[in-house]
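Construct all of the structure, not just a fragment, from the sequences and the given hints.
Here is what each chain is made of, one letter per residue.
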Amino acid sequence: MLAMHIPDGFIDGPTSLVAGLIAIALVACSLGITARTLDEREVPVVGLVAAFVFALQMLNFPVANGTSGHLLGGVMAAVLVGPYAGALAVTVVLVVQALLFADGGLSALGLNVVNMALVGAFAGYGVFVVVRRLLGRSAPSVTTAAGVAAFTAPVLASVAFTLEYAIGGNDAVSVGAVAGSMLAVHSLIGVGEAIITAIALGAVMAARPDLVYGARAVARAERTLAPAPAGVP
Amino acid sequence: MSRRRLSIAAFVVAGLVVAVLLVVFVAPHASSNPDGLERIAADSGIDRDARPSAAADGPLAGYGVAGVESATAGTIVAGVVGVAGTFIIVVGVMLVLRRRRSRPPAEPAAG
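Top line first, the protein sequences correspond to chains C and S. Position 49 of the first sequence, counting from 1, maps to 48 under numbering that gives the first Met the number 0, and the rest follow consecutively. Position 21 of the second sequence, counting from 1, maps to 20 under numbering that gives the first Met the number 0, and the rest follow consecutively.
Derived from the structure by calculation, the hints contain no laboratory data. All C-beta atoms in this analysis are idealised placements derived from N, C-alpha and C, irrespective of residue type, glycine included. No false leads were mixed into what you were given.
To give an idea of the chain C side of the interface with chain S (calculated C-beta under 10 Å), a few residues:
(1) H4
(2) F51
(3) P61
(4) V95
(5) F100
(6) S106
(7) F160
Right, here's the structure in full:
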């Protein structure tokens with residue numbers, strides 16, 4: 000089993016460094032915001048999200064022509080525990096993979112964190128919020144919106160990779176060719192990401208919907224719209 | 000719904016059990032084909048300048064265990080270590096963040 004993130008030397012040093020600085024800045028912001036907003040009872044749930052994303056990233060599924068794909072997990076993490084704690088959880092997964100399992104180069108860690116943790120947890124979560132608003136306030140809309148957003152995550156990650164290749168890659172093939180093949184394969188991987196994310200979200204929504212960050216805004220809206228039950232101050 | 004709500008502890012333990020079951024029983028059967036990026040890299044030559052990771056000689060590099068022949072056993076050990084490790088590290092980070100918030104404002108040091 001050889002899951003592969005971006006290895007060392009794939010993208011040049013300056014581009015990797017810039018991606019590293021962007022990753023450090025956004026991870027630092029996420030640490031600060033999570034420190035202010037995290038509820039104590041959520042602490043083990045964020046740990047569970049990281050462990051689960053790690054496990055799911057090991058499960059490569061076949062897509063086409065002898066190619067496989069695996070979950071990235073940024074959208075799943077962000078919908079479950081919020082974009083900031085979710086970005087941190089997936090970042091820890093990528094750091095552990097690079098250091099312990101040699102999956103993804105050490106100098107490429109910033110690139111991998113940007114593409115798989117930050118793009119998924121922030122851009123992917125943005126897609127989730129928009130789709131959930133379009134679908135209306137209901138529990139199934141949370142699961143559906145998470146699935147739709149999860150589909151976009153590998154596609155957005157492949158766009159980010161193509162941009163990085165355009166700036167700091169070698170000249171083996173044209174940027175257009177990289178863009179085309181990356182988008183094609185990652186659209187298929189996105190289908191897998193959507194299915195896995197929707198199953199996981201559906202299970203958590205059935206067991207503990209109150210723990211789902213992306214569902215809390217729905218719950219708040221319902222409380223505001225519904226008349227308060229008698230006896231509740 | 001009158002169904003009794005799962006406690007957070009039970010929810011987290013159940014989730015960790017599912018994660019361990021996935022790496023023990025499903026991960027050894029996961030597709031061993033190259034993933035999207037790896038395949039495109041190999042086909043196009045954009046990985047021409049790629050170097051092995053500095054961590055490539057680690058005991059768990061490549062999701063296996065150094066010295067253990069069986070890929071299945073290696074995958075399972077790597078998976079369980081990864082699931083436990085990521086859980087412990089993230090909970091540790093979150094507890095440090097929580098503690099930094101709940102600490103009362105520092106008093107000016109005497110002297």
